[in-house]
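Each chain, letter by letter, is given below.
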Amino acid sequence: MVLISALFKQNGSWIFGYSLGTSLYLFFLAAVFPSIQETGLIEGKLDSLPPELLDVFKIDPNMAMDNVMNLLAGNYYGLIFYVLAILFALTFASRLMAKPVDSGEVMLYLAAPISRSGYVTASLIVLLMASTLLVGLNGLSLMLANVLFDLQIDLGLLWTLQLNAGLMLLVLGTLAYVLASLFDDSSRSYMVTGGIFALFLMANVFSGFSDQLDWLNALSIFSLFDANAQIQGDSTLRSFFLLAGILVVAMLLSYGRFTRKDLTI
Amino acid sequence: MIQLKGLTKRFDSSHGIFDVSFTVEPGTVFGFIGPNGAGKSTTIRHLMGLLHADSGSATVMGHDCWNESETVKALVGYLPGEINYPQDMTGEDVIRLTRKLHATSAERERTLRDVFAFDTSLKVRKMSKGMKQKLAIVTCFMKDVPVYILDEPTSGLDPLMQERLVDWVISEKAAGKAVLMSSHHFPEMEKTCDRAALIRDGRMIIEAEMTELKRHSQKTYRIELKDEVAAQRLSEEIGVRDGVVVTVNLSTVEELNDLIHRLTRHEVQSLSSGTDELEDLFMQYYGEAN
Numbered sequence: 001m002v003l004i005s006a007l008f009k010q011n012g013s014w015i016f017g018y019s020l021g022t023s024l025y026l027f028f029l030a031a032v033f034p035s036i037q038e039t040g041l042i043e044g045k046l047d048s049l050p051p052e053l054l055d056v057f058k059i060d061p062n063m064a065m066d067n068v069m070n071l072l073a074g075n076y077y078g079l080i081f082y083v084l085a086i087l088f089a090l091t092f093a094s095r096l097m098a099k100p101v102d103s104g105e106v107m108l109y110l111a112a113p114i115s116r117s118g119y120v121t122a123s124l125i126v127l128l129m130a131s132t133l134l135v136g137l138n139g140l141s142l143m144l145a146n147v148l149f150d151l152q153i154d155l156g157l158l159w160t161l162q163l164n165a166g167l168m169l170l171v172l173g174t175l176a177y178v179l180a181s182l183f184d185d186s187s188r189s190y191m192v193t194g195g196i197f198a199l200f201l202m203a204n205v206f207s208g209f210s211d212q213l214d215w216l217n218a219l220s221i222f223s224l225f226d227a228n229a230q231i232q233g234d235s236t237l238r239s240f241f242l243l244a245g246i247l248v249v250a251m252l253l254s255y256g257r258f259t260r261k262d263l264t265i
Numbered sequence: 001m002i003q004l005k006g007l008t009k010r011f012d013s014s015h016g017i018f019d020v021s022f023t024v025e026p027g028t029v030f031g032f033i034g035p036n037g038a039g040k041s042t043t044i045r046h047l048m049g050l051l052h053a054d055s056g057s058a059t060v061m062g063h064d065c066w067n068e069s070e071t072v073k074a075l076v077g078y079l080p081g082e083i084n085y086p087q088d089m090t091g092e093d094v095i096r097l098t099r100k101l102h103a104t105s106a107e108r109e110r111t112l113r114d115v116f117a118f119d120t121s122l123k124v125r126k127m128s129k130g131m132k133q134k135l136a137i138v139t140c141f142m143k144d145v146p147v148y149i150l151d152e153p154t155s156g157l158d159p160l161m162q163e164r165l166v167d168w169v170i171s172e173k174a175a176g177k178a179v180l181m182s183s184h185h186f187p188e189m190e191k192t193c194d195r196a197a198l199i200r201d202g203r204m205i206i207e208a209e210m211t212e213l214k215r216h217s218q219k220t221y222r223i224e225l226k227d228e229v230a231a232q233r234l235s236e237e238i239g240v241r242d243g244v245v246v247t248v249n250l251s252t253v254e255e256l257n258d259l260i261h262r263l264t265r266h267e268v269q270s271l272s273s274g275t276d277e278l279e280d281l282f283m284q285y286y287g288e289a290n
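These protein sequences, in sequence, are chains A and B. According to full-length UniProt numbering, the stretch in the first sequence is residues 1 to 265, in order. According to full-length UniProt numbering, the stretch in the second sequence is residues 1 to 290, in order.
Next up, chain B with everything else stripped away, as it sits in the complex (with noise of 0.2 angstroms):
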């Protein structure tokens, strides 16, 4: 569906993207994660058919997305990073201009003004970011696709919104589509991705199933017990003691059925996982880049 090739767009010796690749499969989710000034939207921008590549190829079902960009965005859904839509039309002015503009569903349209609800009615110079981005959302997927690109999409939105977003992507991906989603929320990549990617410096570092990625990603686990003694004695088995709290950082199955093991034989007072494990993942690249 999606396919880039040894895609290379040099601005400078250091800027820029390079022999970047990677395949978007119907049915499902990519993550594309990076830190600010990667390449993430260097990259898309290729598959929007605003830029011209230096070297290697970007299609869209087969369709060359900057030879044939037309074709390419009759078939592509887009969610930008940056919402810049007119300041003076309005919500409704907007949703209008795209049902003219492209083929959009008025099914579609009706249900995603219901689950993405806001007053269509104000200016666009008047709408709050989340309100922006909810619009976006609407126009975005108002288009029955079979391909959608979204930047950062879950920005600006409240928990409730997100949520939301992220079960319409995974009933799109149970539809068959293939979603290209870049973005620095790692809960909602966790849960709507099947494969992802992390970009550095022009750069792609790793590519993998998601499943993959967790099984290597490491886990930290806050374990509080009941004083200072039996944390202590927990600590000298396994972990670093701060207080009563022993934190442990597990990588495998096994390591975390031992722990379990371990725990039957002292007086726990609570279980907490730490950070995101594929927020781990990343953070560890992300540090490396720093």
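Pulled out of the complex, with its shape left as it was, chain A reads as follows (with noise of 0.2 angstroms):
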């Protein structure tokens, strides 16, 4: 308990960043909402665009404006979402595992009566709490907005996509911290991490051009985080029940790989 609430004090100014900016961000976009659905600017901007790009924001052009959540699906949890998860993962794992390790600083904690297995489990509660701080500040502010503003939100669809981009924060910030623990080097570490992560995001945006390129999509772990097909309804028990398989995966791996590692601070 103490190593938890010392790692999360250590790291609340990032947490409390995301959190507070992306939940602002949000409550302003959906402030904004009745206005731009009033003037109709957005359907003629949406029919402006080709439909590539549309693709890779994860717009669907047949989806009608008619509420902030299909908004919402392609001005933020679409392409916006992937890229912020990447840097949160990134974030989290260079601040909890490759930094600290490369620089000696968990040493700290190390020389304490702690387990390495112990140091992981309060490194994983940490992501787990700002996952959830951070999705459920952008529900949080979403009711709000629906509550000051009337913007009929559908709370069972929007407490399911929160649901689902807590669990893809969960899985990337899991795996960040799995290659994380793989090199001595924090910068290296950043760097492959990061290029991984991209070439993920690549295959997702390139999957939008063509249909023969669809495939790419299957590639990516993105794909399980659809906001587009569970706004109209798609079942997302599939994506619930992969990313679950693919963070239980990371984090015995995690356990795996730090225990045994040899320290060299």
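Keep in mind that the hints were calculated from the coordinates and are not lab data. What you are looking at is a predicted structure, and each value in this text was computed from that prediction instead of being measured. Note that beta-carbon positions come from the ideal geometry of N, C-alpha and C, so glycine has one too. Check the hints yourself; a few may be wrong.
Quick list of in silico lysine to aspartate or glutamate cross-link-like pairs, EDC-like style, CA-CA up to 20 angstroms [as the list claims (entries may be wrong)]:
#1 K9(A) with E82(B)
#2 K261(A) with D64(B)
#3 K126(B) with E105(A)
#4 K261(A) with E109(B)
#5 K219(B) with D280(B)
#6 K129(B) with D226(A)
#7 K173(B) with E92(B)
#8 K191(B) with E224(B)
#9 K123(B) with E105(A)
#10 K5(B) with E68(B)
#11 K100(B) with D184(A)
#12 K173(B) with D119(B)
#13 K129(B) with E82(B)
#14 K126(B) with E70(B)
#15 K9(A) with E70(B)
#16 K9(A) with D54(B)
#17 K99(A) with D184(A)
#18 K99(A) with D88(B)
#19 K261(A) with E68(B)
#20 K5(B) with E25(B)
#21 K261(A) with D12(B)
#22 K261(A) with D54(B)
#23 K261(A) with D184(A)
Partner residues are not named here, just some residues of chain B that face chain A (Cβ under 10 angstroms, in silico) [unchecked claim]:
#24 L51
#25 T59
#26 M61
#27 A74
#28 T98
#29 S105
#30 A175
Each chain sits in its own coordinate frame; assemble them with the hints.
Shown next as structure tokens:
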């Protein structure tokens, strides 16, 4: 418990930064939605954009912009969220594994009667807290906007999206944590992890360029969070189970790797 | 208390530690000496459960340092060679966290804060090397444990603080604690250690009681005489002359008594001993390494 609170306190600034920043963005986007809807500006803008670009940003041109969730599917829960999730995961792995091990700061904790698996558990609990805080505040900010501006948000859909987003943050964070534990050099681990995540992102983006490249989507972990499909009522169970499976494997790898790793600190 | 038996860790064919063995008994200080990259820190990392040995064993009070590292760390106060606390924490934050993570003694903390006083409100990033070292000393000895592992403990400390640390280590020894200390600072080793070992290229070269090591070390004396004629006369009997100064190297007490006897026949202006005895001995081994 002491370790978890110490690690959370040490990392509080970036966790609150991501959570509050994204929540404010969502709140203001939701707040301006009624006026955008009145003017019909969005439909006009979407009609003028090439379909490939809309695919890249995961915006369905056939989707009527009659609800704020449809707007957010393209303006937050697509490419923007993917990039944000990558940065979130890299920051987490860098602050709790790569940098502390590289600089020797982790010795503050490992000189205490704390096992390596205890440190991994505490780190993953901090990740769970950070992800919950981010998606929780995001959801609450949209609920507040819903109350203030009468946006008719489907709360069931909203929290299903938040749960999926939270799972995605957990999976990416844990994968980044495993990759960071493979290296002794923090900048190398940052580059490798960033490179792998960038490949996932590119596969997701290029899959939208043509039907022939659709298979690329299956290679990307981001295909497991498709907000448009969820808004259109597609089942999310398959994505949830796959993400949960990847999460369990990544967690087991984290324990396996860090508890056996030689630390030259 | 601390026991290493045939500890071996190969990083590659020439790097690592090979067949390192020694024991540190309760109420003693064991000096671990060696040139940079000799394997001192690698050995200490095994004791702290950071490295897994290829063969051999490292135990503290009978507990295996790799398989039972949690138990071992509860019994050990550790002062690392390089102090790397999180930069945004203040000294007070680090001490408070140490209090929560380890079983510490409030009375020891108060005494340590007085003896190694520094501004604990400063963030680590603003601290000098000496301040960080004092912070590490306070957090290490706040734990009232049977074993202490100190890696270059006086590094960055001023002479007054070095003296205080030596006194502290001697008091821990008197209280029955087992202390393993790696250092390049020979005077503090001479004052505190009961046994010492030299490691070079990952292998133990010598290990012996300090009294034994001192007995075998060569002592250098610098004798200044009244004039060159007197110096010439003495150097014909013993030593090497340089102007009015004669330098004499001695190995035994008998040779020392013989020198004193001879000096009564000369008009000596001053007499001083050269470098530390222990340093002399180890420099011979360092020299061989180079």
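Hints, one by one, checked against the model:
1. A C-alpha spacing of about 24 angstroms is found between K9(A) and E82(B), which places the hinted pair above 20 angstroms, so the restraint is violated.
2. A threshold of 20 angstroms between alpha carbons decides the hint, and for K261(A) with D64(B) the separation of about 17 angstroms falls inside it, so the pair holds.
3. Our distance criterion of 20 angstroms between C-alpha atoms is met by K126(B) and E105(A), whose separation comes to about 16 angstroms.
4. Pair hint K261(A) plus E109(B) does not hold up; C-alpha atoms about 34 angstroms apart against a cutoff of 20 angstroms.
5. This hinted pair checks out: K219(B) and D280(B) have alpha carbons roughly 8 angstroms apart, not beyond 20 angstroms.
6. For the proposed pair K129(B) and D226(A), the alpha carbon gap of about 52 angstroms is over 20 angstroms, so the pair is violated.
7. For the proposed pair K173(B) and E92(B), the alpha carbon gap of about 28 angstroms is over 20 angstroms, so the pair is violated.
8. With a C-alpha separation of about 28 angstroms, the suggested pairing of K191(B) with E224(B) is violated against the 20 angstroms cut-off.
9. Of the supplied pair hints, the one linking K123(B) and E105(A) holds, its CA atoms being roughly 14 angstroms apart against a limit of 20 angstroms.
10. Distance hint between K5(B) and E68(B) is fulfilled; the C-alpha atoms sit about 17 angstroms from each other, no more than 20 angstroms.
11. Restraint check for K100(B) and D184(A): not satisfied, since their Cα atoms lie roughly 28 angstroms apart, outside the 20 angstroms limit.
12. Among the hinted pairs, K173(B) with D119(B) is inconsistent with the structure: their alpha-carbon atoms are about 28 angstroms apart, more than 20 angstroms.
13. For the suggested pair K129(B) and E82(B), the alpha carbons sit about 10 angstroms apart, so the restraint of at most 20 angstroms is met.
14. Distance restraint check for K126(B) and E70(B): the Cα-Cα separation of roughly 32 angstroms exceeds the 20 angstroms cut-off, and the hinted pair is therefore not satisfied.
15. Distance hint between K9(A) and E70(B) is unfulfilled; the C-alpha atoms sit about 24 angstroms from each other, more than 20 angstroms.
16. Between the alpha carbons of K9(A) and D54(B) the distance comes to roughly 38 angstroms, so the proposed pair goes past 20 angstroms and is violated.
17. Distance hint between K99(A) and D184(A) is fulfilled; the C-alpha atoms sit about 9 angstroms from each other, no more than 20 angstroms.
18. For the given pair, K99(A) sits about 14 angstroms from D88(B) by alpha-carbon distance, which is consistent with the 20 angstroms threshold.
19. As the CA atoms of K261(A) and E68(B) are separated by approximately 16 angstroms, the hinted pair is consistent with the 20 angstroms bound.
20. Restraint check: the Cα-Cα separation between K5(B) and E25(B) comes to about 14 angstroms, which is no more than 20 angstroms; the hinted pair holds.
21. Under the criterion of a C-alpha separation no larger than 20 angstroms, the hint pairing K261(A) with D12(B) is consistent with the structure, at around 17 angstroms.
22. With a CA separation close to 13 angstroms, the supplied pair K261(A) and D54(B) stays within the 20 angstroms bound.
23. Between K261(A) and D184(A) the alpha-carbon distance is near 10 angstroms, which keeps this suggested pair within the 20 angstroms criterion.
24. Evaluation of the L51(B) hint against chain A yields a held restraint, the C-beta minimum of about 5 angstroms falling below 10 angstroms.
25. Because the closest C-beta pair between T59(B) and chain A is about 16 angstroms apart, greater than 10 angstroms, the hint is violated.
26. At about 14 angstroms, the closest approach between the beta carbon of M61(B) and any beta carbon in chain A exceeds 10 angstroms, and the interface hint on this residue is violated.
27. The beta carbon of A74(B) is positioned within 10 angstroms of a beta carbon in chain A (closest approach about 4 angstroms), and the interface hint is therefore held.
28. With a cut of 10 angstroms, the hint placing T98(B) at the interface with chain A holds, because the nearest CB-to-CB distance is about 8 angstroms.
29. Because the beta carbon of S105(B) sits about 15 angstroms from the nearest beta carbon in chain A, more than 10 angstroms, this interface hint is broken.
30. For A175(B), the interface hint is violated, since its Cβ never comes within 10 angstroms of a Cβ in chain A; the closest pair sits about 21 angstroms apart.
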